[in-house]
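Model the full structure from these sequences, guided by the hints.
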Amino acid sequence: MSGRRTVYEIYWEILVYCKTPRSFTAIINRCDLNSKTGQEYIAFLAAKGYLSLVTEEEKARYLSTPAAAEYIALFSSLYQKLFDTGPGFRL
Amino acid sequence: MMNPALIRFKTEIANFYRISLINLVFAALAIAYGISYIITAVLGSPLGLQAVLLRLVTGAAALACFGLGLSWLLSTLRIFEGVETIRDALSASGEEVSEERLTCLIVRMLAHYRDNRDTIRTMILVSTAGGCVFFVLSITSGIRALSLTANSGSATFESLVLLPSMLLTLGIALVSLISSYYFSRFAGLWDRRLHEIGESECTLKKTLERDEA
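For the record, the sequence lines run as chains R and Z.
Per numbering that gives the first Met the number 0, residue 0 is the first one in the first sequence, and the count goes up by one each step.
Per numbering that gives the first Met the number 0, residue 0 is the first one in the second sequence, and the count goes up by one each step.
Don't read these hints as lab results, they were simulated from the structure.
Among the hints, erroneous ones may be present.
To be verified - Distance ranges between label pairs, derived from CB positions: (1) Z:G93 x R:A59: 32 to 38 Å; (2) R:A45 x Z:P3: 20 to 26 Å; (3) R:V6 x Z:G187: 23 to 29 Å; (4) Z:E98 x R:E39: 24 to 30 Å; (5) Z:C131 x R:E39: 46 to 52 Å.
To be verified - Straight-line distance between alpha carbons at most 25 Å, and here's what the computed DSS-like set of lysine-lysine pairs gives: (6) R:K47 x R:K58; (7) R:K35 x R:K80; (8) R:K47 x Z:K205; (9) R:K18 x R:K58; (10) Z:K205 x R:K58; (11) R:K58 x R:K35; (12) Z:K204 x R:K18; (13) R:K47 x R:K35; (14) R:K80 x Z:K205; (15) R:K18 x R:K35; (16) R:K47 x R:K18; (17) Z:K204 x R:K80; (18) R:K47 x Z:K204; (19) Z:K205 x R:K18.
For clarity, every value in this text was computed on a predicted model and none was experimentally measured.
Virtual Cβ for every residue (Gly too), placed ideally from N, Cα, C.
Structure, rendered in structure tokens:
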């Protein structure tokens with residue numbers, strides 16, 4: 000996904016994408032990040048215990064931890080709530 | 000049962016897609032009409048001072064229409080492409096869209112809106128200005144048709160030809176003003192959503208920065 004996103008949207012995207020083990024390159028490509036900012040986001044999520052490093056076929060991969068589920072669920076409910084309240088766009 | 004947020008999101012995207020599509024068609028028509036009026040104003044046969052003055056006003060308005068139409072078309076194209084991609088992704092997902100997929104599409108739409116917020120604001124201004132200029136153009140066409148009829152004492156072929164063109168120009172003016180209204184409503188709605196997201200960031204931050212105990 001590209002375009003102007005908030006940091007919380009990028010964190011959500013990384014965590015959802017890493018529900019199955021992903022390499023660093025795959026994450027930054029998918030989330031349209033450069034390696035420096037990608038490293039920062041991943042390091043933050045790993046430090047907070049939302050991402051864990053696993054080894055698959057001798058390659059390092061990132062995997063979302065069960066703790067990430069809480070953030071993912073809260074994020075989804077907050078964003079879907081945007082369409083629950085107030086008037087919609089009608090013709 | 001389908002998620003109410005999904006129903007609303009789908010409806011909004013479909014409506015905005017329609018508005019963008021109508022805008023594209025009418026922006027192209029605006030350009031074509033601008034060009035045709037410029038040619039008529041430049042190549043028309045001289046009919047006296049009053050007619051020349053009227054032709055000058057028409058030519059200037061047509062030139063403005065051409066510029067506004069071009070600007071209108073380019074702005075709409077950018078918005079349209081983004082909305083079309085999201086609409087296609089929604090259609091490809093079918094009736095059963097997972098929570099994750101829906102959230103992903105909402106985030107994409109928000110990113111698209113953030114990227115094009117200024118363009119949408121410009122479009123609102125361009126559509127309003129375009130509507131006003133086309134309105135002037137349709138009035139001048141009407142006056143020309145009336146003056147031709149008055150000069151000859153009856154409705155001539157030329158004055159009859161001017162009538163449908165005047166009605167189409169009036170139609171473009173109306174669509175332009177209506178689309179400006181809808182774009183304002185759309186922008187207002189998504190601005191409110193961006194504001195709500197800003198408010199909920201505090202909750203997200205608290206959840207994300209939990210202390211590992």
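Checklist entry - Hint by hint, which ones does the structure fall short of? => result 2, 7, 10
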